[in-house]
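Chains as they are written, first to last, in the working numbering: chain A, 1 to 235; chain B, 1001 to 1235; chain C, 2001 to 2235; chain D, 3001 to 3235; chain E, 4001 to 4235; chain F, 5001 to 5235.
Among these hints, one or two may not hold up.
Restricting the straight-line Cα-Cα distance to at most 27 Å, the calculated cross-link-like pairs of lysine-lysine (DSSO-like) are [stated by the list, open to error]: (1) D:3167 with B:1118; (2) D:3118 with C:2232; (3) B:1233 with A:12.
Here are a few chain F residues that face chain E, going by a calculated C-beta distance under 10 Å [stated by the list, open to error]: (4) 5066; (5) 5118; (6) 5166; (7) 5219.
Treat the hints as calculated values from the structure; they're not laboratory data.
For every residue, glycine included, the Cβ atom is placed at its ideal position computed from N, Cα and C.
Number of protein chains: 6
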Amino acid sequence: MKILVLNPNTSKLVTKKIADAVNKVARKDVELVVEQIEHGPEALESYHDETLAYPYILEKVEKANAEGFNAIVLAAFCDPGIEALRERSAIPIYGAEETTLSIALLLGNKFSILTEKKHKESVKRQHVRKLGLEQRFAGVRALNMGVVEIAEKGEQVLERGIELGKKMIIEDGAEVIVMGCASMAGYQDELAEKLGVPILDPVTITYKVAEGLADIQTVHSKVGLYATPEPKKWV
Amino acid sequence: MKILVLNPNTSKLVTKKIADAVNKVARKDVELVVEQIEHGPEALESYHDETLAYPYILEKVEKANAEGFNAIVLAAFCDPGIEALRERSAIPIYGAEETTLSIALLLGNKFSILTEKKHKESVKRQHVRKLGLEQRFAGVRALNMGVVEIAEKGEQVLERGIELGKKMIIEDGAEVIVMGCASMAGYQDELAEKLGVPILDPVTITYKVAEGLADIQTVHSKVGLYATPEPKKWV
Amino acid sequence: MKILVLNPNTSKLVTKKIADAVNKVARKDVELVVEQIEHGPEALESYHDETLAYPYILEKVEKANAEGFNAIVLAAFCDPGIEALRERSAIPIYGAEETTLSIALLLGNKFSILTEKKHKESVKRQHVRKLGLEQRFAGVRALNMGVVEIAEKGEQVLERGIELGKKMIIEDGAEVIVMGCASMAGYQDELAEKLGVPILDPVTITYKVAEGLADIQTVHSKVGLYATPEPKKWV
Amino acid sequence: MKILVLNPNTSKLVTKKIADAVNKVARKDVELVVEQIEHGPEALESYHDETLAYPYILEKVEKANAEGFNAIVLAAFCDPGIEALRERSAIPIYGAEETTLSIALLLGNKFSILTEKKHKESVKRQHVRKLGLEQRFAGVRALNMGVVEIAEKGEQVLERGIELGKKMIIEDGAEVIVMGCASMAGYQDELAEKLGVPILDPVTITYKVAEGLADIQTVHSKVGLYATPEPKKWV
Amino acid sequence: MKILVLNPNTSKLVTKKIADAVNKVARKDVELVVEQIEHGPEALESYHDETLAYPYILEKVEKANAEGFNAIVLAAFCDPGIEALRERSAIPIYGAEETTLSIALLLGNKFSILTEKKHKESVKRQHVRKLGLEQRFAGVRALNMGVVEIAEKGEQVLERGIELGKKMIIEDGAEVIVMGCASMAGYQDELAEKLGVPILDPVTITYKVAEGLADIQTVHSKVGLYATPEPKKWV
Amino acid sequence: MKILVLNPNTSKLVTKKIADAVNKVARKDVELVVEQIEHGPEALESYHDETLAYPYILEKVEKANAEGFNAIVLAAFCDPGIEALRERSAIPIYGAEETTLSIALLLGNKFSILTEKKHKESVKRQHVRKLGLEQRFAGVRALNMGVVEIAEKGEQVLERGIELGKKMIIEDGAEVIVMGCASMAGYQDELAEKLGVPILDPVTITYKVAEGLADIQTVHSKVGLYATPEPKKWV
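Put together the whole structure using the sequences plus the hints.
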């Protein structure tokens, strides 16, 4: 079995973090490839960034299809271009955001998302609504830190994360907390210990789901939302 | 006042239809520009098509910003890349789908969408959910015809449209029907007469809303979903 | 084109405020009439008030129908008797509350409503639920001031409005704020400047939408919620 | 204990039907008054009718308050003016529609409403949405008969009612059917026998709930939706 | 008419409280039996407790069916095993939680639940979602006291209840407060007086509804959720 | 790693089917135990059956906890007693219904459930509502066959399954179909081929998710819905 874990940005640092995390949990019998896109932004922090990265993500997805991969993990907590990619892919693509929220449903009554900057709260609310999961959503709270800051200032992340996590649990009714940014990877154990609730790391969760489902050839439906587009004339 | 009506594909036929429709209803005191994107697919029929068209749509949006336009109408019933465009635009952008559904709320208890092909029903259901309007949604039914066919075979469109429209009204509870594809433009009067309910033509509805709101400098919020992205390093 | 902007109460002060606001933004080519009802309460602050005002609102609506008006704007943020009025009207009626909330959907992920007194919060929550817009609703907060106070004590309105607005944005996730009372008209620019989000003035928003849609003969559906009632025998 | 069952229209025939139904089930220890309004339409079949009847309904409600009644049943399946009446009443008012839907929740997973004419389906959908009960709503189907016809043509009502009821149960998932019009009173037993599900007669259900709750002085809240309005200056 | 009020645990103290409360409000013409289960836990504070108590609750329900009772009130604010019991019962069973929430809908726009311990907040949220009542739900707040403590430390209950109740009303938008635990019985009048909103005591509310509906032979539907199970072979 | 796949009924035939299915897809490095409960009904077809089986299911769950298992799969499409079991379990328990619906969300816009008997449609609707997934639910349709019949009459299942499946896809908008009964296991490939959409077999899906997540020690939250109950005094 071959699985591609794709970092849909061009940050080598993030790709390395993802590779480390996934390698630690991957099965021996899986041919695991962790890659980043060839070109594109160093971080995806907006719809604009995500949309511009699409051709390079698609390139990797098409290559994985051609090379007989069994599943693709889109390793960013924003599921960039996931509908378009599924339209073009015969093999399953698991977005780290969507998959992790699906799993969070199995672990408690409501989940909260920890995000980076304030304006991302709105984006996460929209995503949860698009996914139809508002009835299980306890809310989102932002660290008010940038992606790089989060990766670098561990102490500050933990301090604020614990403060926000307590509010999520006590005020918002969260029972499960989802780390809503790849740059938070690595903080989950310390947060879980301090907060006493499951802290989900999207990339590893998603990888394990993809790995398991690839064994049984699970694949997305092609009759509706993800129907293969017909070729278009271009100008 | 200057308004850009942008056809986000490269079909000259569709651009002409849009220009005809909008010119008929535009105010004399508005400097109206109807354009299509410079490059891109001839039709947007999938998330894939939409995403690939984005750079060319953005190009026009940025030009309109630079040239002092007051509002932009995105003249396709799929609102391609609208979040990304709003992130990058200081002037308001009105998507034909989103705007028409907002106006449909004012005209009856529930609206239905008439779409082209069967698989588009799923896409429309997802859009309505993303917009949070399911409680006002009576459903979607497909003509099972392609975009070109719809533009060319008027008799067939009317025959099927009337048959589907009756089901929307009698079985689904629709009071308002939204024509869910630019290629349906021009059929609204005959459908309305036969079905006895408002048939909304998204491009003209959206244009008139944009024109009116531009007079009072209405603009989208930049603190959340549409916050301006910071520049990214590219590889 | 002729448009009636109807103040559904008998306060001359409020009618003047409305007239000033609308005259400032109305097109030259529109025959604009701003009126108040002939009899009725000086303010509509309850369902009771609204229901008692109905015959006098209807009187104006029927006159506008008879005199060939193209659209009516109901200039109060409670849409008094709007279903009944639409049942009896062949020309479109745009309620300031309903229309403004529809437009707010186009400007950000979630909107909040600023209202007068505490108990009005419940009323607004019910309205939003009736309209099916809860998924886009960030909440409502009250100034705890009466209608007259709001009109007179500008400084206090601004002070409290800024305080509440910050909570709406930071705690509730609002990206757009709707001024939920006609008496707040005129404060929008200062609030917008201080809060950094769009502050919607319902009467002007609704007027501009009505004006634009009247150009294309948009009208409400008469097959369901707004079907024309058959005459009744009275005792 | 004194309870007023108020027919909010001026049809003596309907008042008699209500009186017969309620007298049959009322407790001996209750001082029961069944009345109709003094003036107003003979039937309430639109928001317009309901709104015009309001002053006469209010008159009766205020009289009941003054005379020490313990509860009021509003005996029409449209709850005409119920918010306004509750604003003005210190004693509880139970609307036949709202109360019956609340009780239907206790008897099965989903309920359906049988209504008179086609356009009333939209009205009932709006009511259910306003009440926040859509998740328990299996839908509404219309007899396509007028109120008088329903009262007179029993055979036709039963024939169509059984046909529609079967569709409600088999296609729509209804487990409980609510008779959505006072004129249907008396058909419930035969429908229940033929359809094998509870058929709820709103007036008797609501009367019995009101009677029971009056024993324990249950009353509606006055801090929000039903806050007592302040007196208004009238012109 | 015979009604069984069943305490589904084995606490004699609680059974006595229930008996006192119900006896005070019961009609003279009703043969009222208040009982507790023969065996089982002294309190039901978890799904585990509830499930283990089921055989003993069922025993009482079957006995009541055999002895010609007209209705059963399940006198605990968790409705233990209510679906299973309704499957096996021909006579109606009214759960104190479900019934009280249905009645709360008639008394204000939104209700809140006062519960015992923090983790019960999640349980109540799940119940409300299962019942499909989230649109009318203002939230739940916990006293952070155990069942016995609540019964014994009245002063502390009142102090915290008033503090939490004010937050429910002012911050959460509650207009009606439901006492979410049998052990809170008796505190309602003092809380209502201090908070100025209806405080609902589930057992008495539910008893009065059951009593009233029993007069008209209301019964739950047996075609769907509560269909009678076929006998099973056991190992 | 040790995983227990538990058939929560006493049918040896069903246990064998489950064992066959799971053995076929299980990893070699997993110590897999497939068992049925020691006592209890041969099939769980009602809440009553499920509740009576609980003590025997719990017995197995506690044994698995004591013996160091890493995860438990509850191999029945009704998730019997899952909240109570999670309260009492430190190791994760994955219900076949809940887990499969979570995965279905990743494969298409909406899913449908194929169930056995008509009345089960209501039960499935309630489950989906309890899980908060109605916005992604295309509905449920019943084979109108019993569990044994389904296991035995393959031709009839396929014939009806294809007929119902087409309706799910064309009329209801399903893109993914979930086989809502363990006795349907084995029909998925033929159904998928004929219908052209993913047909999910809950037991294998759930097993693979459990296996994957056990690798990374995912566990349910114990602070809310699944808090460990305190010991109770029993009578």
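Okay, the hints, checked on the actual structure:
1. D:3167 with B:1118: Status holds; Cα separation ~26 Å.
2. D:3118 with C:2232: Answer holds: residue 3118 of chain D to residue 2232 of chain C is near 18 Å, not above 27 Å.
3. B:1233 with A:12: Since the Cα atoms of residue 1233 of chain B and residue 12 of chain A sit roughly 12 Å apart, the hinted pair holds (cutoff 27 Å).
4. 5066: Cβ of residue 5066 of chain F sits 17 Å from chain E, so the hint is violated.
5. 5118: holds, 8 Å
6. 5166: violated, 24 Å
7. 5219: Result: violated, 16 Å to nearest chain E Cβ.
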